Amino acid sequence: MASHDQPASAGMPISRRQFFRISAAGLGTTGLVMAGAYSGEAHAEVREYKLLRARETRNNCTYCSVGCGVLLYSLGSGAKNAKAEIIHIEGDPDHPVSRGALCPKGAGLLDFVHSAQRLRYPEVREAGSNEWKRISWHEAIERVARHMKADRDANIVDRNAAGVPVNRWLSTAMLTASASSNETGILTQKIMRALGIVATDAQARVCHGPTVSALASTFGRGAMTNSWVDIKNADFILVMGGNAAEAHPVGFRWAIEAKKQRGAKLVVVDPRFNRTASVADYYMPIRVGSDIAFLGGVIRWLIEHDKIHWDYVKAYTNAAVIVGDGYDFNEGLFSGYDAEKGAYDLGKWAYTLDAAGHVSTDPTLAHPRCVWNLMKAHYARYTPEVVSELTGTPQEDFLKVCAWLGETAVPGKVGTILYALGWTQHTTGAQNIRTMAMIQLLLGNIGMPGGGVNALRGHSNIQGLSDLGLLSTSLPGYLTLPNEKNHPTYADYIAKTTPRAQRDHQLNYWGNTPKFFVSLMKWMWGDKATAANDWGYDWLPKWDRMYDVLHITELMHQGKINGFVVQGFNPLASFPDANKVTEAFSKLKYMVIIDPIETETSSFWQNHGESHDVDPARIATEVFRLPSTCFAEEEGAIVNSSRWLQWHFKGAEPPGEAKGDQEILGEIFMALRTLYEKEGGKLAEPILNLAWPYRDPYAPTAQELAMELNGRALADIPDPADKTRLLARKGEQLAGFAALQDDGSTSCACWIFSGCWTQAGNQMARRDNTDTGLGNTPGWSWAWPANRRILYNRASCTPEGKPWDPSRSLIAWNGERWAGGDIPDFKADSPPSEGMGPFIMNPEGLGRLYCVDKLVDGPFPEHYEPMETPLGTNPLHPAVVSSPAVRIFPGDRARLGKHTEFPYVGTTYRLTEHFQFWTKSVRLSAIAQPEQFVEISESLAREKGIAAGDWVKVSSNRGYIKARAVVTKRLRPLSVNKQTVHQIGIPLHWGWVGVAKKGFLTNVLPPAVGDCNTQTPEYKAFLVNLEKV
Amino acid sequence: MALQSLDIQRRSATTTPQPGSRQPIEVAKLIDVTTCIGCKACQVACSEWNDIREEVGSNIGVYDNPTDLSAHAWTVMRFTETEAHGRLEWLIRKDGCMHCADPGCLKACPSPGAIIQYKNGIVDFHQENCIGCGYCVTGCPFNVPRLSREDGKAYKCSLCSDRVAVGQEPACVKTCPTGAISFGSKEDMKDIAATRIDDLRRRGFDKAGLYDPEGVGGTHVMYVLHHADEPALYANLPANPAISPMVSIWKGVAKPLATLALAGVALGSLFHYVMKGPNEISKETEDEIDAEDRREREDKEAAQ
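Sequence order for the protein chains is R and C. The first sequence maps to residues 1 to 1029 in our numbering. The second sequence maps to residues 1030 to 1333 in our numbering.
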């Protein structure tokens, strides 16, 4: 307990101090009063309300993707002579999701803004030095630009062996910040690609990468299907692969609301009895890394018990589509496996297509090769006994979940799933999510209010950075960056990225790819992009392989990367196998940190004793640390998990000499461009030709960039429906992506954001929170695409266009068009009779139970063990233990541990009091959760002689941490495959920077191996040992 | 001009009747323990609003941090894992001042105006009048007030009387992510509680109920509990809290006697004041006491 506030209650000794006070002052004063000799000068007045004339600024919380509204209160009237200082932050009651609430992190934002770890001046750590040196902005920018130019000139690859222009600069890598605004994000994208950077990644890689793969391959878009508030419309809420109460407390309020208002049932399946479980109706344990076994078992149970929403499945899924002869599954392997490459030939899994390129179907589902029958056969192995043996979940518990899910197979009942990184951070991450997506299709819960597959995203703008394509092989709006083999020319790119409809009357929205891409090129290169030069196609870098964070680290470790620009990211703490990461960083020539606060990454060269034992003298990396603003000191938009682009405003000036990211990037780019203009250099063209129309070229503003994200007309755009009218006049902001053209007459940086800043102004700053039904608030901010709030909402109606559930109706066919409280995610005038499918991004218009060739590790999810398995085998197919499609570098494979040596299962996670690695620099957060700990079961603690609060050492084959032991009933040993499996919970928030107690980097423990499709690391299941210190 | 921004019900150590014409509504904070996820947002919002910061502590093997109430931590979550009802439950109770209708702290307080009970039910400490005697600590049946090491004065939750005075809800209430904390008139809070209790009973919690203990005249902070028949399950929430008999004696039978006896002391004090000046603790005494406190602390830490 806090030692200085001893309660002097009964049974506790009164200290001398108290006695002294009581006797000397207390009695004396009392005596005076009792005698009536005291006049009563003691006034009673409440503390003055401290916000009486404070200035209020609207903003959004910078931590997670709930995107809560916050009110910044600052001192000063805004007068020029007074420097605004934020004195208090609380929730915005008008915000439809948060309604004034903030979680412990949000409630403590004030201490982030004023953190002692905020960076105030540009600094450099010279090679081999053991200290920071303050430098001027001028010196910092000049030196950074010099480094970049020298490295680029020396190492950029202009053409590959086949002679294709590739413009690839691999020797400098860049990480981008998922807490920065869209406007910073798009500016970063523009500069990076002009420079030729392909080795780039954002936090999406270490978090929800598999979500995008899984949901896009199933439904067409890789985003949370419904919205935070909509969770209140559910009858059944499953929380699995996540801990919503812990990670998204304010979003989770809508699950509680469903319980309170609808009597919904809330069930948690998790390795730990967690904070969500504390308010759930039912909790059951599961072994980490066995979710596909569990969910595959659910699919089998639903089929066996005929708990299928048949009308929905037949009309809206690909159950009836006939799969080609190439597909097969045998003993743990799908057809087309090349053992040497460790990869599948995805072409084997195609549909049967007719001459017109249309799918063949059997609406009776009798055909043995239709998706339905293949699926049924695939999951026949997942009996309740098998499920229980693999997962450790008691059979009766598992069957309860099956039954509860099964109840939602009728039109009048809807269930939802809330998940997060508990599913993504596995080698089978995308497939975990796919399995649940399939279940929701079988139950008819997609497109429904209260339904969906709700990916609860991480950072406040991780969704935005994904949308903006700040990933190695992406471009904005989920367009792909050209690949050197598949897309050597513009014509190849367009041909291969523009799908054709696979059934009659399908919208096949990706058919518009050329419009999106050409408009993007016009934004990149302006007037320099012409039909004659294929819109500047050759200036774009072309990728050969994906340079995700694991790959980037590996290349650094091999000494193949010289420079590393790290924008608002703490990779040393957040990449797996941190000891390897330290070695990798030590080989860099230069590192540029752009961040509002100190990070372990920026001080990776410092010795921090046992937890980080390096010798600065032997590290020759020059490290530049450039102080940037935080959310409260800048404006712009961030995209929450529900795809809402919310505009926030600046509440105060940044500390010291800190500058906004856009200004820092602008200055670096202008310095580089000036160098190329004056001195020339290799492949200067894309740099010199980059469109840079900003009023202050050194500091593009958020407004300028937001308007570019929306797009504008470069010429009068005629309305194809009515030649006498225009969709937009030359120079006007576009009304939406429907106005985009493929002839160079429109410019748009990110097609899915088109509509966010129209001629009517900034739509993202809208604050009309009117509820148009079921908690839908289309007048609040702006959601992509086209302000639609529930994706695939056409599927909430019968094929005839009537709501499946009249009490849960958002849109319906009114005889002329689709209309209602939400914007139809559909062609508004396509009548039900036309038979257009609700999954408009998919060429067949259907939700995919079978995802064809969209994922590299199989069209149906299959249970594979984590790379480090406590079983040492896979009881389903002992010859194929872990996923055969895993990519792992030889050095990383050699660092894997075995269950014989590391007998316990480690799993990492975050706590509600902290956000990643920042909030240990936030006093209020550090007070609430001050010190590193691990969670172990009472039985393991007994076995090891560990008591609560003891120091323990947790080690993997890659390193170790020391932490306090939380001994708890909430973790239990599980019986799996006839053996006892102990799981150890390892929160991840610690390091050596900040005001919390110093700790170890948790990520020294997990292995550097990721999800087969996205390389999101397997943080959730690995092997460790445990000992008392 | 009135000296108060809220109407006063009673003041500590004061016999003068308080004005009673206006009848403001009685407020209450309802804490629905059954929907609390223990996220500590209320703790943080409380500290932020009230400009207090506890020291960064240690993990002692549980989620509780700060580990106890203090002059810098006016509300804390207390986590309990129990299997008393078969399946595991993780009961999380937000602890802090209950704002009793019959406040033991106020009754025990010897210093005029150090503790005020407003007509709306809020019991507020006015540190400028606090003499640091610690009687409020003894008088509290919930073990809530804490003495500050810096100024020796007693502190506790004010129910954000400064916010309530301008028509706003307390900081903890506003921030609560799951809506487990509500604020409004005591009547309305009881209605909400009744709805919650109905829901809980439907879900199988037969003994769900409201905690609004009579022994202290009811409270202006109330709990909805799944097991209202066993409040002790929730980190020893007292089943029948009542003001310590010592306080009753002190303020009841003994008061006239004490008044007489202390009148003498008062005269003595006055004489002392006139002759010698105000009582002051010498630097040496202060240092000696500090050293002793430190030793005690170290012994305690060593024992842990």
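In case anyone wonders, no lab produced these hints; they're calculated from the structure. All of these numbers come straight from a predicted model, not from anything done at the bench. Honestly, I wouldn't trust all of these hints.
To be verified - Calculated cross-link-like contacts (lysine-lysine; reagent style DSSO-like; alpha-carbon spacing at most 30 Å):
#	chain 1	residue 1	chain 2	residue 2
1	R	K515	R	K341
2	R	K400	C	K1148
3	R	K730	R	K149
4	R	K969	C	K1236
5	R	K341	R	K133
6	C	K1148	R	K265
7	C	K1148	R	K50
8	R	K827	R	K515
9	C	K1148	R	K802
10	R	K400	R	K260
11	R	K348	R	K978
12	R	K978	R	K944
13	R	K587	R	K515
14	R	K348	R	K260
15	C	K1219	R	K898
16	R	K265	C	K1219
17	R	K854	R	K485
18	R	K998	R	K978
For which of the previously enumerated hints does the structure constitute a violation, in increasing order of number?
Of the numbered hints, 1, 2, 3, 5, 6, 9, 11, 13, 14, 15, 18 do not hold.
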